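Participant: Take a look at the letters that make up each chain.
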Amino acid sequence: MAFESLSDRMSSIMRKLRGQSRLTEANMEEMLREIRTALLEADVNFKVVKEFTTRVRDQAIGQEVLKKVSPGQMFVKIVHDEIVALLGADQCELTFVAHRPTLIMMVGLQGSGKTTTAGKLARLMKRKLAKKVLLVAGDVYRPAAIDQLETIAKQLEVDFFSLGTEVSPVEIALKAMKKANEEKYDAVILDTAGRLQIDEKLMQELVDIETAVRPDEELLLMDAMAGQEAVNVAKAFHEKLRITGMIMSKLDGDSRGGAALSIKHLTGIPIKYIGVGEKLEDLEVFYPERMADRILGMGDVVSLVEKVQEEVDEKSMKKAASKMMNGSFDLNDMLAQMEQIRRLGPLGKILKMIPGMPKITDEDQEKANIQLKKTKAIIQSMTPRERKNPEILKNSRKLRIARGSGTEPQDINKLLNQFEQMKKMMKEMPAMAKKYGNK
Amino acid sequence: MGLFKFLKEKMFGKSTTQKDKYVAGLDKSKKNFSDRLKALSGRYSHVDEAYFEEIEEILIEADVGVRLSDEIIDATKKEAMLRKEDRPEQINEILVDKMFVSYASQGEDIQTEIQFAKNSPTVILVVGVNGVGKTTTIAKLAYRYIKQGKKVLLVAGDTFRAGATEQLTIWANRLGCSIVAGKENQDPASVIYDGMNVGKKENVDLIICDTAGRLQNKVNLMNELAKMKKVISKEVEGAPHEVLLIIDATTGQNGVIQAKAFKECTSLTGVIITKMDGTSKGGILLSIRDELGIPVRFIGLGEKMEDLEEFDLDQYLYGLCIGKDEE
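These protein sequence lines map, in sequence, to chains A and B.
Quick note on numbering: the first sequence equals residues 51 to 489 in this note's numbering.
Quick note on numbering: the second sequence equals residues 32 to 358 in this note's numbering.
Mixed in with the good hints there might be a few duds.
[To be verified] With a straight-line Cα cutoff of 27 Å, these simulated DSSO-like cross-link-like pairs (lysine-lysine) come out: (1) K291(B) x K182(B); (2) K477(A) x K464(A); (3) K335(B) x K290(A); (4) K97(A) x K108(B); (5) K69(B) x K285(A); (6) K100(A) x K69(B).
[To be verified] Label pairs and their calculated CB-CB ranges: (7) A286(A) x F147(B): 41 to 49 Å; (8) Q121(B) x I111(A): 36 to 44 Å; (9) A286(A) x A135(B): 49 to 57 Å.
What the hints contain is simulated information worked out from the structure, not anything from laboratory work.
Values in this document were obtained by computation on a predicted structure and should not be read as measured data.
Glycine included, every Cβ here is placed at the ideal spot set by N, Cα and C.
With the sequences and hints as input, model every part of the structure.
Facilitator: Shown next as structure tokens:
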């Protein structure tokens, strides 16, 4: 039961508000309500949602809406832009210190992905930045946590440091830094045990490590599936420690990841990376734009709206629409429609922008493009009369068209079938509109 | 007598000591929630729309979800109108009643304890997304039944995550029970196969199978899980007797989607909610029950092997909403 995307909600409201070109307080409240629900379903914190909807209201009041976009979509755009602004437009990667090893400490709740992410960071530094990296096992509590990190270190061919489970994490950190200094490592990544933010003893342990070795980066791991409480967890870690950034893990799942927004907004901790899979290369730099789309549960509707605005000739769309309604739709119109779609760019790119569309492979995309080209060639090989009256197409004409367009007669039959179906559907539309219409 | 108390006594009638233990375990979880409800009723002399809006906030912040929260509140409002009730404490009690009824009236009967098979080993398959605490929970389940005198076998079906097999092996040693483990990256279904046969040969009472964490939108991994389940049914008649989904209490609205996907793939028999010793309220369990009918069976309250309790709806809601000092 994937949640309805925000843009779906907006368009259903807008159907009710058809004809209004301006956002008013009256029609806005309903939309704000929908935005609120969408954000809450994405696990954005309640208080942040409340504040956010107020901000959007202020932004949107009285804003005149561009002629070609519906107010609903305009509204989505305002929301989207506000989220991007909140998430922070600036990308930030790790900072490295010259002349001594940079120390990165991983902290977070149990099961948030610290050990795996430590491995991913080590890989990134080694492969992409050519750094000499030391992975340090500081989780002395969870059974086999050290084995896990050691296995990862071996896979990456990165050096590994452990003093077993009998030594305190503070001492492990100190000894690791000593080794790193002597052996001129560029970076040290210290894994720590998962802990609850209310576990005073274990939180103090992190403070002690911080005092002893002064990490350059203290990265908080946050699970993308986290709910309302995430923001309190982050706050508590941030108050006790000097958190320099956040990494959101498990974003390859289908959660919306609204916690990212709440945490950034309420603590100011920047999001540095995102984890997008279980493999060690699955770490990506954080992009606010993409995160905003995800939270709103939409494909890149904003870009699509912008593109449609630029490319689509409104008049010819209207003409086609009225032809559809009165049943005089012919192959010429079908061609014109396809031309419009084609102008938007490669089909795959368009489909990606539409919310709820399954991801399509390059192969599918290629097939769709070939099909489009074929259809176009067939229609263009017809005479104007044939295009207007497809029913006159008999075998000899079909053969000629097939030859002219480099296709087979079956392809032409297929196209004609498609056209008939489209036409049939359109004939039914006025009746349906009458039946279900709201006026 | 309030409806809540009535239902409570009718359906449970648990001793006070057990309740105290439970409430103490949930102390941190319920703190915010029940304190806020109480503070709220203190601030209002009679209930109005603003009061209900604040209740909505409290429910949503417990991860109950917008839709279910609104449903519960609507039901509360209706009942309050019917009874012409506007005293805050009374309204709070109706609210808890409604939450109780919403859970209790969904799906099948609430049977939390594992039911053992008569003529074969009982098999539990443990599934869930990454990092929710599957392996630790398995250790807790094993401890629980070893203590009851059952012969338990663990099967390390997570051959993917580095260190997973080692983690379960350490637990098996601590618990003094046997374990079947595979090699790194071995097909987990083949480890499960071995596990079933060792279990039958050694005539154990209970086989608990660990599986690798997997996000529910990974089709290949979900198919792999279905295959593991098939192997179990083939090797042991009537098995798996239980397929338990582990859900982290910190999980937000994605929890329902998780439960749905795992239910479709393995026909879950229940949920175990972990990390309830933290500050998260685990309200998603109400939504999972509401939308899918899957009951919660146990809750995890810490990292030690004895930190597992049978789920008790009454005590959960009671601990969450009312707190022990109002007895």
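Participant: Does each hint fit the structure? Answer for all of them.
Facilitator: Here is how each hint holds up against the structure:
1. Distance hint between K291(B) and K182(B) is unfulfilled; the C-alpha atoms sit about 32 Å from each other, more than 27 Å.
2. Restraint check for K477(A) and K464(A): the C-alpha separation of about 20 Å stays at or below 27 Å, so the hint holds.
3. Note on K335(B) and K290(A): the hinted pairing holds, with a Cα-Cα distance of about 25 Å set against a maximum of 27 Å.
4. Annotation: proposed proximity of K97(A) to K108(B) holds, straight-line Cα distance about 24 Å (limit 27 Å).
5. Distance restraint check for K69(B) and K285(A): the Cα-Cα separation of roughly 25 Å lies within the 27 Å cut-off, and the hinted pair is therefore satisfied.
6. Proposed proximity of K100(A) and K69(B) is supported: the alpha carbons are some 23 Å apart, at most 27 Å.
7. The given range of 41 to 49 Å is respected by A286(A) and F147(B), whose C-beta atoms sit roughly 42 Å from each other.
8. At roughly 40 Å, the beta carbons of Q121(B) and I111(A) sit within the given window of 36 to 44 Å.
9. The beta-carbon spacing between A286(A) and A135(B), approximately 35 Å, falls outside the hinted interval of 49 to 57 Å.
Checked against the numbered hints listed earlier, the structure breaks hints 1, 9; every other hint is satisfied.
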